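Undergrad: Protein chains in written order, with my numbering: chain P, 1 to 252; chain S, 1 to 449.
One or more of the hints may lead you astray.
[Said to hold, decoys possible] Which residues of chain P face chain S? A partial, calculated answer using Cβ under 8 Å:
#1 K2
#2 A4
#3 G78
#4 F81
#5 T82
[Claimed, not checked] Distance ranges between label pairs, derived from CB positions:
#6 P:E55 / S:L278: 30 to 36 Å
#7 S:L278 / P:S43: 26 to 32 Å
#8 S:R346 / P:E74: 47 to 53 Å
#9 S:V3 / P:S43: 47 to 53 Å
#10 P:A216 / S:R346: 17 to 23 Å
#11 S:G330 / P:S43: 30 to 36 Å
#12 P:M194 / S:A448: 35 to 41 Å
#13 S:R25 / P:E75: 55 to 61 Å
[Claimed, not checked] Over the 12 Å line for every Cβ pair with chain S, so calculated as not near, a few chain P residues:
#14 D66
#15 D85
#16 A100
#17 E104
#18 S108
#19 G177
#20 P244
For the record, the hints were derived by calculation from the structure and aren't laboratory data.
Model, not experiment: these values are computed from the prediction.
We treat Cβ as the ideally placed atom computed from N, Cα and C, and that holds for glycine.
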Amino acid sequence: MKDAFGAPQSLLVLGGTSEIGLATARRLIARRTRTVRLAGRPSPALERAAAELRELGADVRTVAFDALDSASHEEVLGKLFTEGDIDMVLLAFGVLGDQARDEEEPLSAVRVAQTNYTGAVSAGLVCAGALQAQGHGSLVVLSSVAGERARRADFIYGSSKAGLDAFAQGLGDALHGTGVHVMVVRPGFVRSRMTAGREEAPLATTPAAVADAIVAGLRRGAETVWVPGALRVVMSALRHVPRPLFRRLPVR
Amino acid sequence: MSVDTVSLSGWGRTAPTTALRFRPRTYEDAALVVRGRGPRGVVARGLGRAHGDAAQNAGGSVIDMTALDRIRAVDAVAGTVVCDAGVSLHRLMGTVLPLGWFLPVTPATRQVTVGGAIGSDVHGRNHRTAGSFARHVRALELLTADGEVRTVLPGSALFDATAGGLGLTGVILSATLGLRPVTSSLMSVDTARANDLDEALARLAACGDRTPYAAAWIDLLARGRSTGRAVVTRGEHAPLDALPARARRTALEFRPGPLPTASALIPEGLLGRTPAALLNGLRFRGSPASRSGEPQGISTFFHPMDAAPRWGRAPGRGGSVQYQFTVGHGQEETLHRIVRRLTLRRCPAFHAVLKRFGEGGPGWLSFPAPGWTLSFGLPVGLPGLARLLDGLDEEVAAAGGRVCLAKDARLRPGLLAAMYPRLPEFRALREELDPAGAFRSDLSRRLAL
């Protein structure tokens, strides 16, 4: 169960090697979290992540989960929920893709869309149903500012996140009043493995800062969290910039 | 019996969860709900005054007991009453007071049910002499996991598990309560200011049996030499001859309408710390340095929580948390340390009350234990509050004290065994009586009770 401050006792991270996911898990373990399930494709990195969290004192297990294999989600995730309540699900998987190559090879672009959007839709719906049945819980969805307005530099990734963002918002409204809380997190440019070697955008942030914002959002019961918070203002201005002008902006 | 799906939370409005709510009108209906429960179990709920998550059951069933509200029999000679568990203390008082009887224990609100008062084993300002609520229960009827109704008498293991058992042994359907005789519905109240915590403790310790009711409002925002300054109020039921002639004619009339006090009109928790500190200062200086024999109504003296406006009950956006702990006599240093920590942090605490406990009750999870108890509320959005309260938990546990579970919404399960040494017996009894875990609440899940 979550306590009065929204700190969960059990956590499921979908995308168990995600840096933001692990940073959040570390912070939550320092509060109340005792049970952590890291779901992801089996890999040494996933086991390493689990071992690291175990050292902090949590009961950690890894679960084989593939975002692209939507047909298996019902079984894999459904089984996790039968083993005990899960107070918080962090939907943290996603791929950035390689914009230039993806434009050349439509199939690899489809892969980005399938991972970030359709995979998240099926996993999100399975988790939402299970959370609704247990009458409580939070579903935290990692979206991105890239979904707020498509940019020339990453519109394939951006469009998949735009779909995910809209899906999560709608799901949050659908679940309003059922005891399940859906939180959409929109980080800006995050300095991590995923973005290594890319040119940094203004208002860049870190996985640790995103994790802090998630924990604070849980306490407030927030529905949308921007990291850093200033992005909320920046993006609400940017999304209304006329396209001819937007194309000329240096951040496009 | 009406059924609906609702989002429920405690009085502090934190961590709401959704459950199927049943509102039985008969014992049979209640038994049907227990027999037909789903895999996530069932728990009884009264008027929802528990601050934390004791009376909610995420994804399961919650039995709203307030429709089971018959007062079955009042023995005005022997001073006992038999009533359903859903009867509120407010109604009970209105019924028995004109007959010259009063509830032996009343908490800071009358809006709790008899079942809730037993399940939380509530205490009042007279704990030192009267003990907690369960001490005055002569018998109760308990609906257990098998759907049967058992009569439970004091002295049995099931009684000790049920008194303060947070509804986890079964659904209390009715109870026989002992009452205490009174000659008037007015209280004769002595008020005195205490300039620091030591003085407040001394004044509370000096209360003789002449004034069985005693409590101190404590200013947790005063710093420096005034740290822990308090207004100590002591009282007794006013004897008939002490009343003014006009009041004597209607001596036993129950007049619940509370006169709103200044603090009731301004919800303390909504204020920032500076206005709250100023208001506390006004309240302290506005109280008489020493006054005795002031007549006060029952509401004014006993039930400050009922006087607060409804919209002010849960300060701030996210609601509030209540914290109440007790430490034994001789652990005054811990009390001092905790008060100092709170004042140094400048926490805008509200409803801060210091009391003295007498002998504890037989309940295995019953909160009161001999010593001192301090309770206060804080807005949940206060930065760093979670860590601060975790720190207090550790101090309290180290001093051999405990935290009140009926008010809790945030305790760490690891500290529970140290605070409640009879927890293993409680678990064993539940394991035996209710192996499938029919009775569950969010609190029992969170703390693995």
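Undergrad: Run every hint past the structure and note whether it holds.
TA: Here is what the structure says about each hint:
1. Annotation: interface hint on K2 of chain P holds; nearest CB of chain S at approximately 5 Å, less than 8 Å.
2. For A4 of chain P, the shortest C-beta to C-beta distance to chain S is roughly 4 Å, which falls under 8 Å, so the interface hint holds.
3. Using the Cβ-Cβ criterion of 8 Å, the hint placing G78 of chain P at the interface with chain S is not satisfied: the shortest such distance is roughly 15 Å.
4. Below 8 Å, beta-carbon pairs count as interface contacts, and F81 of chain P has none with chain S, the closest being about 11 Å; its hint is therefore violated.
5. With its C-beta approaching chain S no nearer than about 10 Å, T82 of chain P sits outside the 8 Å limit, and its interface hint is violated.
6. Range check, E55 of chain P to L278 of chain S: about 49 Å between beta-carbon atoms, so the 30 to 36 Å window is missed.
7. For L278 of chain S and S43 of chain P, the hinted distance range of 26 to 32 Å is not satisfied, since their beta carbons lie about 60 Å from each other.
8. Between R346 of chain S and E74 of chain P, the C-beta spacing of about 51 Å keeps the proposed range 47 to 53 Å intact.
9. Taking the beta carbon of each, V3 of chain S and S43 of chain P are about 48 Å apart, inside 47 to 53 Å as hinted.
10. One distance hint, 17 to 23 Å for the beta-carbon pair A216 of chain P and R346 of chain S, holds here, with the actual separation near 21 Å.
11. Distance hint for G330 of chain S and S43 of chain P: a CB-CB separation of about 57 Å, inconsistent with the stated range 30 to 36 Å.
12. Between M194 of chain P and A448 of chain S the C-beta distance comes to about 38 Å, which sits within the given range of 35 to 41 Å.
13. In this structure the supplied range 55 to 61 Å is violated for R25 of chain S paired with E75 of chain P, their Cβ-Cβ distance being about 44 Å.
14. Every beta carbon of chain S lies more than 12 Å from that of D66 of chain P, the smallest distance being close to 28 Å; the non-interface claim holds.
15. The beta carbon of D85 of chain P is not kept farther than 12 Å from every beta carbon of chain S, the shortest such distance being approximately 7 Å.
16. For A100 of chain P, the condition that its CB be more than 12 Å from all CB atoms of chain S holds, with the nearest at approximately 45 Å.
17. Chain S leaves E104 of chain P outside its interface by the beta-carbon criterion, the shortest separation being 49 Å against a cut-off of 12 Å.
18. S108 of chain P, annotated as away from the interface, keeps every beta carbon of chain S farther than 12 Å; the closest lies near 42 Å.
19. For G177 of chain P, the condition that its CB be more than 12 Å from all CB atoms of chain S is violated, with the nearest at approximately 6 Å.
20. Consistency note on P244 of chain P: stated as away from chain S, and its beta-carbon is indeed over 12 Å from all of that chain's, at 42 Å minimum.
Violation of the numbered hints given earlier is confined to hints 3, 4, 5, 6, 7, 11, 13, 15 and 19; the remaining hints are satisfied by the structure.
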